[in-house]
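S.K.: Sequences and hints are given; from them, build the entire structure.
There are 4 protein chains.
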Amino acid sequence: MSDWKNLQELLIKFRDERDWAQFHNPKDLALALSIEAAELNELYLWKDAETADIEKVKEELADVISYSLLIADKYGFDISEIVADKIKKNEIKYPVSKAKGSSKKYREL
Amino acid sequence: MSDWKNLQELLIKFRDERDWAQFHNPKDLALALSIEAAELNELYLWKDAETADIEKVKEELADVISYSLLIADKYGFDISEIVADKIKKNEIKYPVSKAKGSSKKYREL
Amino acid sequence: MSDWKNLQELLIKFRDERDWAQFHNPKDLALALSIEAAELNELYLWKDAETADIEKVKEELADVISYSLLIADKYGFDISEIVADKIKKNEIKYPVSKAKGSSKKYREL
Amino acid sequence: MSDWKNLQELLIKFRDERDWAQFHNPKDLALALSIEAAELNELYLWKDAETADIEKVKEELADVISYSLLIADKYGFDISEIVADKIKKNEIKYPVSKAKGSSKKYREL
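Residue numbers (this note's numbering), protein chains in the order written: chain S, 1 to 109; chain V, 1001 to 1109; chain C, 2001 to 2109; chain P, 3001 to 3109.
Hints listed in this document are in silico derivations from the structure and should not be mistaken for laboratory results. A virtual CB, placed ideally from N, CA and C, is assigned to each residue, including glycine. One or more hints might be untrue.
[To be verified] Okay, the calculated beta carbon distance ranges per label pair:
| no. | chain 1 | residue 1 | chain 2 | residue 2 | range |
| --- | --- | --- | --- | --- | --- |
| 1 | S | Ile12 | V | Lys1105 | 18 to 28 Å |
| 2 | C | Lys2013 | P | Lys3105 | 19 to 29 Å |
| 3 | V | Lys1088 | S | Ser2 | 19 to 29 Å |
M.R.: Structure representation (structure tokens):
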């Protein structure tokens, strides 16, 4: 079994023991994901990246990934496939010849 | 090689071909992650979850996962480990006896 | 008429000409607000604060404030009152003696 | 003195008593704003808009508006002006004839 599937099974077991599937529509899962992303960002607020608390980064990042995995499960997405597909799209949006060394968005390249 | 490692290698190759590591400090990576999370949420704005564009959900979710993988790589985190550890912590914060069927935060249980 | 009321009237006129009140429940308004906040943050992504495009900052900040005003209107909040009340609460959470010169959260002071 | 100016003065007094201007660059202020926006959204998570805790909505919305006012002060923006200007731009992006009754983004109209 793949790494993702294994984690998704742990998350679904945790969810179903608590009877939480009733709350987990994709809109609220995406909202939960962005709230966790904000909690991750809060660890860097008013400071340099180096001084963030690494143990807390682990936890908040784990929360973000957990909701990502639950959303993927909801839609039946294969994570390796959707990420690999998006990288291919980004190779077209950000060709090396134009994007190298630049932090601009593709629309401004 | 694990699924994560495989995707992380694709993402790092994409990044390094464009010489983007210079921009990728954890604070900005976390910021990028939350911007992608907002783009995912925008697909559900003003509507029910069912009417969201699934092809776009795939792309925005892939972006969120990509930045999650880049942050994990930056810190040398093992994704399976940090997610499994967080689930264990959540089992204590949300005991089945109190959390079953409830959408409350652990502080309010 | 107060400044807020004046802007709220402009926003409500804009909304009602387009028959958009049907979409403007507080949950989606709050979601829209956080999406606009992410667009504001994107102007600072991968760069120092000084190099952000000020004309775009104006627009994204205006969007954030607009949704704030629409949410306040939805609930009938008086903006001057809720902000002044929150400052008073923060004076207790962050007493000068403990908080001076520190960027820590009140729980860590 | 305008309502905005009055609140901005209260916020600046609060900030300066704590010597916090050193942390308040626009990038971190925008980040703080989006974290507060996420806290506002959390009040609606897993539930319908009607069941959110209104007293907490007041507080989180006040936080969002406070950071908005501090960002506006940082750049010397006149809030009434930037919001009115943005409404004018939106009147062009969302003409009544096309946008009436539709929740689509301007690019899709």
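S.K.: For every hint, state whether the structure bears it out.
M.R.: So, going through the hints one by one against the coordinates:
{"no.": "1", "hint": "S:Ile12 to V:Lys1105: 18 to 28 Å", "result": "holds, 21 Å"}
{"no.": "2", "hint": "C:Lys2013 to P:Lys3105: 19 to 29 Å", "result": "holds, 21 Å"}
{"no.": "3", "hint": "V:Lys1088 to S:Ser2: 19 to 29 Å", "result": "holds, 21 Å"}
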